[in-house]
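With the hints as extra help, turn the sequences into a complete structure.
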Amino acid sequence: MNELLDPLLLSRWQFGLTTIYHFLFVPLTIGMALTVAIFQTAWVRTGKAHYLQLTHFFGKIFLINFAMGVVTGIVQEFQFGMNWSDYSRFVGDVFGAPLAFEGLLAFFLEATFIGLWIFGWDKLPEKLHLATIWVVSIASILSAYFIIAANAFMQNPVAFRINEEKGRAELTSIWELLTNPVALAAFPHTIFACFMVSAGLIITVAAWHLSRNQHLETMRPALKFGLWSMVISGALTTLAGDQLSLAMVATQPMKMAAAEALYVTSTGADASFSIFTLGTPDGVHELFSIRIPYLLSFLSTHTFDGTVEGINNLQEQYQTLYGPGDYVPIVWVTYWSFRWMIGMGIMHIFVAMVGLWLTRKGRMPSNKWVWKAAVWSFPLSLGAMIVGWVFTEMGRQPWLVFGLLETADGVSPGVTGLEVLLSLTAFTVVYGSLAVVEFRLIKKAAQHGPADTPEADPETGKPLVTTTVY
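Mapping of the sequence shown onto full-length UniProt numbering: position 315 corresponds to residue 315, and the numbering continues sequentially without gaps.
These aren't lab readings, by the way, just hints derived from the structure by calculation.
Just so you know, even glycine gets a beta-carbon here, dropped at the ideal spot from N, CA and C.
Warning: the hint list may mix true and false statements.
Claimed, not checked - In the EDC-like style, the derived pairs of lysine to aspartate or glutamate whose C-alpha atoms are separated by at most 16 Å in a straight line are:
1) Lys166 with Asp93
2) Lys166 with Asp86
3) Lys48 with Glu170
4) Lys48 with Glu217
Claimed, not checked - Distance ranges between label pairs, derived from CB positions:
5) Asp409 with Ala373: 46 to 52 Å
6) Asp326 with Glu165: 30 to 36 Å
7) Lys361 with Leu9: 55 to 61 Å
8) Arg45 with Glu217: 14 to 20 Å
9) Asp305 with Val44: 52 to 58 Å
10) Leu216 with Ala373: 17 to 23 Å
11) Asn213 with Thr307: 56 to 62 Å
12) Val70 with Gly96: 15 to 21 Å
13) Lys361 with Thr41: 22 to 28 Å
14) Ala373 with Asp305: 37 to 43 Å
15) Asp305 with Ile330: 28 to 34 Å
16) Arg45 with Val70: 45 to 51 Å
What follows is the structure in structure tokens.
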């Protein structure tokens with residue numbers, strides 16, 4: 001019973017579940033903001049009605065998702081003071097700086113200009129109104145960078161000094177903090193993955209309508225846009241992920257070793273990458289595996305004869321550096337989350353490539369299973385992002401801040417397990433209810449489809465916009 005009411009364990013579960021729940025909305029918000037901006041730009045430049053219809057249609061889905069993301073994000077930040085006060089006290093001066101930038105600069109811009117965009121359709125000049133949604137998109141991406149910079153400090157602490165008298169870390173350079181090599185590598189990988197998520201939603205929605213032979217004039221170009229966006233952003237995500245793996249090996253070699261369940265330091269052909277493995281949960285004993293020789297060496301060092309340090313060697317090094325303790329993350333979690341991330345991402349890219357082939361030269365597939373595959377493929381890229389963050393955070397354990405603060409030392413000392421359990425239960429109930437509301441609102445908006453073609457201006461021939469549909 002005492003283990004079930006362990007404040008540390010329950011606090012980790014609460015923060016993990018809250019983060020994953022919040023992250024259901026973040027990538028879609030970032031990706032859809034850019035998507036809507038592109039569609040509105042196409043309407044302003046060409047005057048074609050279907051681009052205006054797509055702007056309103058996906059804009060409505062974007063706004064529903066944005067509202068839910070704001071609510072869950074605010075609650076998530078409260079947990080730093082509620083459940084992780086020792087962490088906040090120790091690194092708040094450093095970790096709080098990028099969060100302050102995110103709230104005072106990026107989110108302020110995002111919230112202000114999204115209001116101008118919603119209510120400015122028939123009040124602002126056409127190009128000025130277009131600029132507002134571009135500011136929203138840029139601000140959402142900027143917001144993501146500040147959050148990633150804060151998280152990168154936890155993965156690779158830089159730009160700080162320890163004040164021995166106060167027993168806390170203090171910021172020495174905001175520029176060095178914001179240019180953390182891990183942040184610079186993680187940012188493009190994350191943003192391109194967000195575009196994959198939005199592309200996946202467009203593919204799903206367009207496929208659903210096209211399979212029913214409705215809204216053809218808007219959903220055909222939407223499907224094409226989604227398919228190309230998935231392939232391009234997928235390729236860029238892969239390239240950015242390669243650079244992130246190099247940064248990870250340089251700063252957190254234990255995470256890469258755990259991702260491969262590599263216990264013994266290996267070189268060249270021995271540093272192989274296992275696509276699939278059967279063995280004990282801790283990865284110590286392998287029964288069967290499918291391996292690609294040299295691949296792990298290449299991913300880790302960009303050479304085929306590079307050396308990849310193993311878990312056993314790193315454990316000895318860390319005990320020498322940080323004292324006695326177990327510095328190995330949960331191997332089966334890191335191993336499988338790494339592969340699920342890669343596997344689901346590749347599967348979604350494959351779906352898009354098949355879709356481009358089947359719809360070449362204006363063709364539309366007649367097989368209903370093709371449309372069903374497209375419709376049900378949406379969770380792939382979103383799931384890849386979620387397990388990617390699980391890998392990122394769980395692979396850092398047992399550290400909250402790598403090399404500085406262990407997770408067990410960051411939990412609030414005055415919080416009881418029962419208090420955390422009650423708040424965890426409350427969050428689960430409330431968030432579960434909000435998830436149902438969110439899903440139904442987006443499903444209803446998506447199935448309703450775009451509005452009817454607006455009337456054209458007799459002078460310019462462009463569709464008239466006299467009021468907003470939101």
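Outcome of the hint check:
Only pairs whose Cα atoms come within 16 Å are accepted, and lysine 166 paired with aspartate 93 is accepted, the gap being roughly 12 Å. The straight-line distance between the Cα atoms of lysine 166 and aspartate 86 is roughly 13 Å, inside the 16 Å bound, and the hint therefore holds. For a cut-off of 16 Å, the pair hint linking lysine 48 to glutamate 170 is broken: about 55 Å separates their Cα positions. Note on lysine 48 and glutamate 217: the hinted pairing holds, with a Cα-Cα distance of about 11 Å set against a maximum of 16 Å.
At about 48 Å, the CB distance of aspartate 409 to alanine 373 agrees with the hint of 46 to 52 Å. Separated by about 31 Å at the C-beta atoms, aspartate 326 and glutamate 165 satisfy the suggested range of 30 to 36 Å. About 57 Å separates the C-beta atoms of lysine 361 and leucine 9, a value consistent with the hinted range of 55 to 61 Å. Separated by about 18 Å at the C-beta atoms, arginine 45 and glutamate 217 satisfy the suggested range of 14 to 20 Å.
Range check, aspartate 305 to valine 44: about 54 Å between beta-carbon atoms, so the 52 to 58 Å window is met. Range check, leucine 216 to alanine 373: about 20 Å between beta-carbon atoms, so the 17 to 23 Å window is met. About 58 Å separates the C-beta atoms of asparagine 213 and threonine 307, a value consistent with the hinted range of 56 to 62 Å. Our hint of 15 to 21 Å for valine 70 and glycine 96 holds, since their Cβ atoms are close to 20 Å apart.
Checked against the given bound of 22 to 28 Å, the beta carbons of lysine 361 and threonine 41, roughly 26 Å apart, stay inside it. Range check, alanine 373 to aspartate 305: about 41 Å between beta-carbon atoms, so the 37 to 43 Å window is met. Distance hint for aspartate 305 and isoleucine 330: a CB-CB separation of about 31 Å, consistent with the stated range 28 to 34 Å. About 31 Å separates the C-beta atoms of arginine 45 and valine 70, a value inconsistent with the hinted range of 45 to 51 Å.
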